[in-house]
Structure formats: structure tokens, C-alpha cells
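Chemist: Sequence:
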Amino acid sequence: MLFSNRHVLTGSYHNLFRTYARGSSEAKMWEARPQEPHSLLRTRRVCGGAGARAQRGRRPQNNDDELAADALDFNRKILHVAWHPKDNIIALAATNNLYIFSDK
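Quick note: the sequence shown uses my numbering, first residue 19, plus one each step.
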């Protein structure tokens with residue numbers, strides 16, 4: 019995704035960050051975490067806790083893409099974000115780490 023006036027990037031707790039397309043309510047959530055070089059960044063989804071799933075009659079799933087709301091670590095947070103003005107590169111400053119993501 020190339021930086022432009024059409025997109026917004028924001029940080030959150032548990033080293034999660036979101037990208038939004040302006041004029042749309044659609045958002046993608048990602049987690050900044052150490053990973054192998056050249057691997058794809060996977061989206062994440064925060065869902066209700068295990069109790070909330072049980073109340074709705076759903077079976078708990080072993081899905082790495084889902085993160086229970088009661089499992090969020092509020093000590094891990096994205097403090098600063100920067101989007102390169104011309105290339106598909108973003109930099110995220112977390113509590114003790116700097117993450118740089120590129121589409122290359």
C-alpha cells in the first residue's frame with residue numbers, strides 16, 4: 019500500500035496497528051512482531067474473551083489470526099508510526115523495538 023492521502027495508519031496496544039482507507043469503514047489490523055525476513059505480514063482480529071465466545075454458542079478455535087480481548091498486553095504498544103512518502107515502507111516504534119515493514 020503506497021502512502022497517499024487515501025490511507026491512515028494508527029498504532030494501538032499489544033503491538034497492533036491498523037490501516038484504514040479514507041472514506042471507507044474497512045480496516046485491517048496487523049501485529050508488529052519479530053518474524054522471518056521476507057515473510058508476509060498477517061492480519062489479526064481481536065475478538066471477545068473465551069467467555070464471550072461460549073456465551074454466543076461458538077466453539078473456541080485455534081486460530082493464530084484471532085486474539086482474545088482479555089489476552090491483550092497493554093504494556094506492549096505502538097508509540098510512533100511513520101509511512102515513507104514515496105515507497106511502500108512503514109516504520110513502527112514499539113515500547114523497546116523498531117519494526118520496519120516493506121512490500122519488497
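Honestly, the hints are just simulated from the structure, not real lab data.
Incorrect hints may appear among the rest.
To be verified - Label-pair restraints from in silico Cβ distances:
hint : residue 1 : residue 2 : range
1    : Glu44     : Ala86     : 19 to 25 Å
2    : Asn23     : Cys65     : 17 to 23 Å
3    : Glu84     : Phe119    : 18 to 24 Å
4    : Arg40     : Leu97     : 30 to 36 Å
5    : Phe92     : Arg40     : 25 to 31 Å
From a predicted model like this one, the values you see are computed outputs, not experimental measurements.
All C-beta atoms in this analysis are idealised placements derived from N, C-alpha and C, irrespective of residue type, glycine included.
Chemist: Taking the hints in turn, state whether each one holds.
Modeler: Results of checking the hints against the structure:
| no. | hint | result |
| --- | --- | --- |
| 1 | Glu44 - Ala86: 19 to 25 Å | holds (23 Å) |
| 2 | Asn23 - Cys65: 17 to 23 Å | violated (32 Å) |
| 3 | Glu84 - Phe119: 18 to 24 Å | holds (21 Å) |
| 4 | Arg40 - Leu97: 30 to 36 Å | violated (23 Å) |
| 5 | Phe92 - Arg40: 25 to 31 Å | holds (28 Å) |
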